[in-house]
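A.B. asks: Spelled out from the first residue to the last, the chains are:
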Amino acid sequence: MGDGSVEHSHGHHMDPAVEYSSSKLGMWLFLGTEILLFGGLFAAYAIFRAKYPEMFFEQHVELNKKMGAVNTCILIFSSLTMAMGVSAMQRGKQKVTAILILITILCGLGFGVVKYFEYSAKFHHHIYPDTSIFFSLYFLMTGLHMLHVFIGLAILAVLFVLTLKGKFTAKYNTPVEVGGLYWHLVDLIWIYLFPLLYLIG
Amino acid sequence: MSTHSHAEEHHITSNKTYIVVWAALMVMTAITVYVSYINFGTFNIVIALVVASIKASIVALYFMHLKFEDSITWVFALFPLSLLALLIGMTITDTFTRTIVP
Amino acid sequence: MANHTIAHNVYVPFLEKKGILSWILTTDHKRIGILYLISISFFFLVAGVFALLLRYELLTPASDFVQPHTYNVLFTLHGSIMVFFFIVPGLAASFGNFLIPLMIGAPDVAFPKLNLGSYWIYLLGTVIVLIALAKPADTGWTFYTPYSATTDTDVVLITLGVFVLGFSSILTGLNFIVTIHKMRAPGMTWHRLPLFIWASYATAVLQLLATPVVGITLLLLITERTLGVGFFDPAKGGDPVLFQNFFWFYSHPAVYIMIIPAMGVISEIIPVFARKPIFGYKAIAYSSLGIAFISFLVWAHHMFTSGISDIAATIFSFLTFLVAIPTAIKVFNWTATLYKGSIHLHSAMLYALAFVFLFTIGGLTGLFLGALAADIHLHDTYFVVAHMHYVMIGGTVMGFFGALHFWYPKWFGRMFNETVAKIAWFFIFIGFNVTFFPQFFLGVQGMPRRYATYPAEFESLMSLSTYGSWILGAGIIIMTVNLIAGLINGEKAPQNPYGSLSLEWQVPSPPPLENFEEIPHVTDWSYGYGKKK
Numbered sequence: 001m002g003d004g005s006v007e008h009s010h011g012h013h014m015d016p017a018v019e020y021s022s023s024k025l026g027m028w029l030f031l032g033t034e035i036l037l038f039g040g041l042f043a044a045y046a047i048f049r050a051k052y053p054e055m056f057f058e059q060h061v062e063l064n065k066k067m068g069a070v071n072t073c074i075l076i077f078s079s080l081t082m083a084m085g086v087s088a089m090q091r092g093k094q095k096v097t098a099i100l101i102l103i104t105i106l107c108g109l110g111f112g113v114v115k116y117f118e119y120s121a122k123f124h125h126h127i128y129p130d131t132s133i134f135f136s137l138y139f140l141m142t143g144l145h146m147l148h149v150f151i152g153l154a155i156l157a158v159l160f161v162l163t164l165k166g167k168f169t170a171k172y173n174t175p176v177e178v179g180g181l182y183w184h185l186v187d188l189i190w191i192y193l194f195p196l197l198y199l200i201g
Numbered sequence: 001m002s003t004h005s006h007a008e009e010h011h012i013t014s015n016k017t018y019i020v021v022w023a024a025l026m027v028m029t030a031i032t033v034y035v036s037y038i039n040f041g042t043f044n045i046v047i048a049l050v051v052a053s054i055k056a057s058i059v060a061l062y063f064m065h066l067k068f069e070d071s072i073t074w075v076f077a078l079f080p081l082s083l084l085a086l087l088i089g090m091t092i093t094d095t096f097t098r099t100i101v102p
Numbered sequence: 001m002a003n004h005t006i007a008h009n010v011y012v013p014f015l016e017k018k019g020i021l022s023w024i025l026t027t028d029h030k031r032i033g034i035l036y037l038i039s040i041s042f043f044f045l046v047a048g049v050f051a052l053l054l055r056y057e058l059l060t061p062a063s064d065f066v067q068p069h070t071y072n073v074l075f076t077l078h079g080s081i082m083v084f085f086f087i088v089p090g091l092a093a094s095f096g097n098f099l100i101p102l103m104i105g106a107p108d109v110a111f112p113k114l115n116l117g118s119y120w121i122y123l124l125g126t127v128i129v130l131i132a133l134a135k136p137a138d139t140g141w142t143f144y145t146p147y148s149a150t151t152d153t154d155v156v157l158i159t160l161g162v163f164v165l166g167f168s169s170i171l172t173g174l175n176f177i178v179t180i181h182k183m184r185a186p187g188m189t190w191h192r193l194p195l196f197i198w199a200s201y202a203t204a205v206l207q208l209l210a211t212p213v214v215g216i217t218l219l220l221l222i223t224e225r226t227l228g229v230g231f232f233d234p235a236k237g238g239d240p241v242l243f244q245n246f247f248w249f250y251s252h253p254a255v256y257i258m259i260i261p262a263m264g265v266i267s268e269i270i271p272v273f274a275r276k277p278i279f280g281y282k283a284i285a286y287s288s289l290g291i292a293f294i295s296f297l298v299w300a301h302h303m304f305t306s307g308i309s310d311i312a313a314t315i316f317s318f319l320t321f322l323v324a325i326p327t328a329i330k331v332f333n334w335t336a337t338l339y340k341g342s343i344h345l346h347s348a349m350l351y352a353l354a355f356v357f358l359f360t361i362g363g364l365t366g367l368f369l370g371a372l373a374a375d376i377h378l379h380d381t382y383f384v385v386a387h388m389h390y391v392m393i394g395g396t397v398m399g400f401f402g403a404l405h406f407w408y409p410k411w412f413g414r415m416f417n418e419t420v421a422k423i424a425w426f427f428i429f430i431g432f433n434v435t436f437f438p439q440f441f442l443g444v445q446g447m448p449r450r451y452a453t454y455p456a457e458f459e460s461l462m463s464l465s466t467y468g469s470w471i472l473g474a475g476i477i478i479m480t481v482n483l484i485a486g487l488i489n490g491e492k493a494p495q496n497p498y499g500s501l502s503l504e505w506q507v508p509s510p511p512p513l514e515n516f517e518e519i520p521h522v523t524d525w526s527y528g529y530g531k532k533k
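Residue numbers (the numbering used here), protein chains in the order written: chain R, 1 to 201; chain L, 1 to 102; chain B, 1 to 533.
One thing to keep in mind: the hints can contain errors.
[To be verified] Okay, derived cross-link-like pairs now, DSS-like style, lysine-lysine, Cα gap no bigger than 27 Å in a straight line:
#, chain 1, residue 1, chain 2, residue 2
1, R, K93, L, K16
2, B, K340, B, K17
3, R, K66, L, K67
4, R, K167, B, K422
5, R, K24, R, K171
6, R, K171, L, K16
7, R, K24, L, K16
8, R, K93, L, K67
9, R, K95, L, K16
10, R, K65, R, K24
11, R, K171, B, K113
12, R, K66, R, K115
13, B, K492, R, K51
14, B, K422, B, K492
15, B, K422, B, K18
16, R, K51, R, K65
17, R, K24, R, K167
18, R, K167, R, K51
19, R, K167, R, K95
20, R, K115, L, K67
21, B, K340, B, K282
22, B, K113, R, K24
23, R, K122, R, K171
24, L, K67, L, K16
25, R, K122, B, K282
26, R, K165, B, K340
Note that these hints are calculated values from the structure, not bench results.
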């Protein structure tokens, strides 16, 4: 072993195709850990939902269903623009990509604003994370999700600047695609949080 | 599903597909919100979770291009879900089969 | 694709560059491995000192050396530091980093910068925990609620530190999985991979997918103490046992994060010094994955006396026995590899043999604890302590020491004194058994763990155990001094002192900066010993 013929030599830098598929696999792995990070909260939700159905029914009506629905629409739309942004970059359209990423960022910010009003309304009604198990779940689940929105926004901001600087092309756009995957995860988790918290009673 | 071949193995999904997917997501969101106003008892949960899972699947398959990924990506996309099911399933099994000693 | 004809015959060892920046900003997996190796060894020695202090208190039945509260703090620090700072990152982060790219024929890991980031996150975690030492927790390393939610010691900071360490572990695991998938040299098929790589892969999967659950669990504990969340508080409708369910969902797989890399090390050492092809390559390879998978299914066997339901306990007890199958497969195959081999008792081989012997004891006593009825009697006694240390020291630490002695010449380009190494091994082996074997008897007789005092009837076995800890400590000091002395004035190491066939031995010692002048083309597995000469 190791004494066979040498096929090719390649130095320090990775082959672009390998780098591309490595980065994508790496991000999928990371998304797996994210799902399990939320997993503890989902498990807690399942247990306490089954244990205290009345509490969940009585208290979930305190949440603003309309605001939740609006935020769902905002996030789904931002996922659409993100996906289109990735495709545009793969076609080499830098300007279109930049605009689409910008729209995605604005959606993310909009989501944050709506959430801010929701949280303030709760605090105004003296509802805090220690009010009840249900509101503990509400605040922790949406809070952890909000944290991911912020991280996603930071990633998108970097992608936006780099796109404007012309760092990405039809040939090299791995960061856009991988950053996009992360943003979709934010949407993916909200797709579950919305019905679990706002709708099921 | 239109794919333009250019760089190796790149699938570029058309904007038309994305918009169809988006419309489907919006319709399903509307359905869940609408259903939540009707009382089906336990079925409300079932409906909400089934719809959410369909939404999540199409986000993963199309927006996240899972449909075009290799098998190892599929493994690492699905295996965490089975662990999540295990975590929830076994903790619930424990919690709700305990004998309460007075 | 760069043409490297100019670079031919210019050998720059990776240790060549000097200066602190060349270390703290390095993205070279071999240097990052050394950073981890130094860090984990440091914490191993620190936590080892705590262990000696604990044993010293237990020399006599009364609490005459430290107060009970101090004792509680000491075992908390011993456990937390050993688990989260030494043994979890342990072999995977140090030797995993050093060996994975070399063994698969790659210039580095898939994400070198992320690799450095993992190390920095690890350091950040250690700093947080060191700050937490101002008011050290007394909860034990498991941070069980409700006590951890109510004690007035600083639980928040230490759990936050562990949370941060978890991220380091996740990112390391992620990096290794992608590296093993994407960076293998041409011809390095899955079934030609060294078994250490299979073990590292299984470990990495556990790091990646089990750690986030303990992350959220500790986060919930922190919110319990800071925001008044009540998931684990019965007064607020919560359930303290839920904490244990979540905690062990990670911490049982974590046990395998600790042991599987050591199994990989043993699978590398034994065939080299038995001069025989490894017996049952595929069985060993897939049993690593099997152990990793089953490890997710057994967590509640830590909780048989915590008030979990009988049904759950029965299921988990049954599933626990399944782990014995892939583990036993490995032991049988190692033994079969030794059979009729021409065995050379190098110090690394001595550690490997100690591993097989001690791990077998540790594993078999684990079955006692997995059996529901027996566990009711043995739970939270010294039997558990003994079992756990037989697996963790007898297993992982022996594997770690074995790896240290085995790859030392490759990593540092120097040789250590083999005779002294054997003497140190002798002290460690004897000391370990004298320390922990009596604890099986103590446990069966009902001596509970985590007490600073004990009834006089246990004094003879307890003090014997303490004397053993001194022998063990002496052995570790001799070993440490010997290895450090080797760095300073050891002979220059040859490229391949043991005639190993694995890829990392086909490059100079220490390896060049870019590992391979030319990426090798692999044509065979690395265990073809004694076949053709």
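A.B. asks: Run every hint past the structure and note whether it holds.
C.D. replies: We went through each hint and held it up to the structure:
Restraint check for K93 (chain R) and K16 (chain L): satisfied, since their Cα atoms lie roughly 17 Å apart, inside the 27 Å limit. With a C-alpha separation of about 45 Å, the suggested pair K340 (chain B) and K17 (chain B) falls outside the 27 Å cut-off, and the hint is violated. The hinted pair formed by K66 (chain R) and K67 (chain L) fails the criterion: a straight-line CA distance of about 33 Å is larger than 27 Å. Proposed proximity of K167 (chain R) and K422 (chain B) is contradicted: the alpha carbons are some 58 Å apart, above 27 Å.
Taking the CA atoms of K24 (chain R) and K171 (chain R), the gap is near 15 Å; set against the 27 Å cutoff, the hint holds. Proximity of K171 (chain R) to K16 (chain L) is assessed by CA-CA distance (about 23 Å); at most 27 Å being required, the pair is judged to hold. For the hint linking K24 (chain R) to K16 (chain L), the alpha-carbon distance of about 24 Å falls within 27 Å, and the restraint holds. About 24 Å separates the Cα atoms of K93 (chain R) and K67 (chain L), which keeps this hinted pair within 27 Å; it holds.
A distance of roughly 19 Å separates the Cα atoms of K95 (chain R) and K16 (chain L); the hinted pair therefore holds under the 27 Å criterion. Under the criterion of a C-alpha separation no larger than 27 Å, the hint pairing K65 (chain R) with K24 (chain R) is inconsistent with the structure, at around 36 Å. Distance hint between K171 (chain R) and K113 (chain B) is fulfilled; the C-alpha atoms sit about 23 Å from each other, no more than 27 Å. Annotation: proposed proximity of K66 (chain R) to K115 (chain R) holds, straight-line Cα distance about 12 Å (limit 27 Å).
Proximity of K492 (chain B) to K51 (chain R) is assessed by CA-CA distance (about 67 Å); at most 27 Å being required, the pair is judged violated. At roughly 20 Å between alpha-carbon atoms, K422 (chain B) and K492 (chain B) fall within 27 Å of each other, so this suggested pair holds. Under the criterion of a C-alpha separation no larger than 27 Å, the hint pairing K422 (chain B) with K18 (chain B) is inconsistent with the structure, at around 33 Å. This hinted pair checks out: K51 (chain R) and K65 (chain R) have alpha carbons roughly 23 Å apart, not beyond 27 Å.
This hinted pair checks out: K24 (chain R) and K167 (chain R) have alpha carbons roughly 18 Å apart, not beyond 27 Å. Restraint check for K167 (chain R) and K51 (chain R): not satisfied, since their Cα atoms lie roughly 53 Å apart, outside the 27 Å limit. A hinted pair counts as satisfied when its Cα atoms are at most 27 Å apart, and K167 (chain R) with K95 (chain R) qualifies at roughly 12 Å. Simply put, K115 (chain R) and K67 (chain L) have alpha-carbon atoms about 32 Å apart, too far for the 27 Å limit, and the pair is violated.
Proximity of K340 (chain B) to K282 (chain B) is assessed by CA-CA distance (about 21 Å); at most 27 Å being required, the pair is judged to hold. A hinted pair counts as satisfied when its Cα atoms are at most 27 Å apart, and K113 (chain B) with K24 (chain R) qualifies at roughly 16 Å. Between the alpha carbons of K122 (chain R) and K171 (chain R) the distance comes to roughly 48 Å, so the proposed pair goes past 27 Å and is violated. For the given pair, K67 (chain L) sits about 17 Å from K16 (chain L) by alpha-carbon distance, which is consistent with the 27 Å threshold.
For the hint linking K122 (chain R) to K282 (chain B), the alpha-carbon distance of about 58 Å lies beyond 27 Å, and the restraint is violated. As the CA atoms of K165 (chain R) and K340 (chain B) are separated by approximately 66 Å, the hinted pair breaks the 27 Å bound.
Hint compliance for this structure: hints 2, 3, 4, 10, 13, 15, 18, 20, 23, 25 and 26 are not met, and every other hint is.
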